[in-house]
Amino acid sequence: MMKNYDTDDTFLGRWLAGELSEEELIQFKKTDAYKQFKLINDESQLLSGPDINVEAALQNVKKRTQSKAAKPKTFRLWFSVGMAAILVLSLGYYMNSSKTINNGIGSTQTIVLEDGSKINLNANSSITYKRFFWKNNKSVTLNGEAYFTISKGDGFKVETSKGTVNVLGTQFNIKDRTTFELKCFEGKVEFLQKNKSSSPKVLTKGMHIKIKKDRIEDYMFQDNVPNWTRGFSTFDEEPIQLVLEELTQYFDITFDTGNINTDRLFSGRFKHDNLDLALKSTLIPMGIEYELKGNNIILSE
Amino acid sequence: MLEKEPSVCEEKTYNELFRKYYQPATKYIYYKCGNLEQAEDIVQNVFIKIWKLCDTIIYSKAKSYIYSACNNSFLNEVAHKKVVLKHQKAAKDNTNYESPDYLIEVDEFRIQLKQAISDLNVKEREVFLLSRIENKTYKEIAEITGLTIKAIERRMSKALKELREKLGAHIKL
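Which chain is which? The protein sequence lines are A and B, in order.
With the first letter of the first sequence counted as 1, position 47 gets the number 46 in numbering that gives the first Met the number 0; the numbers rise by one all the way through.
With the first letter of the second sequence counted as 1, position 148 gets the number 147 in numbering that gives the first Met the number 0; the numbers rise by one all the way through.
What the hints contain is simulated information worked out from the structure, not anything from laboratory work.
C-beta: ideal position from N, C-alpha, C; glycine also.
Don't take each hint at face value.
[What the hints assert, rightly or not] Restraint-style ranges between C-beta atoms, simulated for each label pair:
id, chain 1, residue 1, chain 2, residue 2, range
1, B, Val105, A, Tyr33, 43 to 53 Å
2, B, Val105, A, Gln58, 36 to 46 Å
3, B, Gln114, A, Gln65, 40 to 50 Å
4, A, Met82, B, Glu142, 41 to 51 Å
5, B, Ser63, A, Gln65, 41 to 51 Å
6, B, Lys62, A, Tyr33, 35 to 45 Å
Bound-form chain A, shown alone:
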């Protein structure tokens, strides 16, 4: 008996592939079912699958291969190790980090430290101190000028470019600019000059030292507080160049000194709140003429 689509479970499959024998095909075409199978087959071949955008898919795959790290496991491990290291280092750095307070030209501010000590920071000056554990190391670094009112306690010191000021509960002013000056207003301070083996210099109330060419000169004074904290600067036979420097601490100006002699001495004062008056009260008595060009002041005799 000849096989047909009902008895042979590969028959139709072979028919679709065109692999029936001639005889099988002739027999098959005679059946009623043949026409139905043929229609189903013909119609099926008219169907089509989904539309697929290959290039868009390729772009998508490229994007995803780039965003994912090639070796995620090792990457993640090293990433974690790196992050941990950075965290530890930055925490350590932060704990050991310093805080710096800066004053711009013409502005002053008062800083109260955690032991109650007060620092009046003058214009164009900065102080730096440890952010944490400051009490274990009561040291501040001063750049410029400040007036210190220090609570009683041990070991407060101020580092300056010219040396260290050790404090034993007191009030004092340090000016560390072109000249270095230390004034003690209350109590007692000790000054240890940098790079000098000489014994520390002790200052009590009313004592004033200046460093000129590495040598300490002694002076006396009467004031209760530094003049700058009251808004003016005073000079007692100081070279003009120091007066000009002082002016630039409070006013955003520069000087073009030309050929004037800046070593001439000046005695007097200027207030910090009015540039015009300050210039008049310092320059005119010295017979110096001045001309304002923006922030630049040109001096001539």
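Add chain B to chain A, keeping to what the hints say.
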């Protein structure tokens, strides 16, 4: 002497493989799951894997790797949906019947046919569509699916019989 095969890690080679196999592989998976988005997802993930493992994949084996990896990922995903087919190819205009009634019947029949194909068992459906729509030979289908040609012939026969059972009543000749 073995001829050196191109490296799949080469972008040019990779792109070539992608352009060659992405569409057929996606259709293959689509004929199984009936969800184009899912199919594209599966195949794209396979291609991402190929890019990552490019130095372990032999160029001449890439085709079978792609199909079997797609099939494996498909088996790991459960949701099977119905296949939605379209009538895109213009119907062969070899018909002599032009009465509107006949046309309506043809339309009706085509809808029924699509539904019936969609209702086929996955095993039969994938083979049937690869053969009838994608015009793949049984040999090619065997390569893709890993089945024997005999098994494919059986599945094709079974598919056709099932379609006739469902559609026989609609066929007026």
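Outcome of the hint check:
| no. | hint | verdict |
| --- | --- | --- |
| 1 | Val105/B x Tyr33/A: 43 to 53 Å | 19 Å, violated |
| 2 | Val105/B x Gln58/A: 36 to 46 Å | 40 Å, holds |
| 3 | Gln114/B x Gln65/A: 40 to 50 Å | 43 Å, holds |
| 4 | Met82/A x Glu142/B: 41 to 51 Å | 48 Å, holds |
| 5 | Ser63/B x Gln65/A: 41 to 51 Å | 27 Å, violated |
| 6 | Lys62/B x Tyr33/A: 35 to 45 Å | 36 Å, holds |
The structure shown violates the earlier hints numbered 1, 5.
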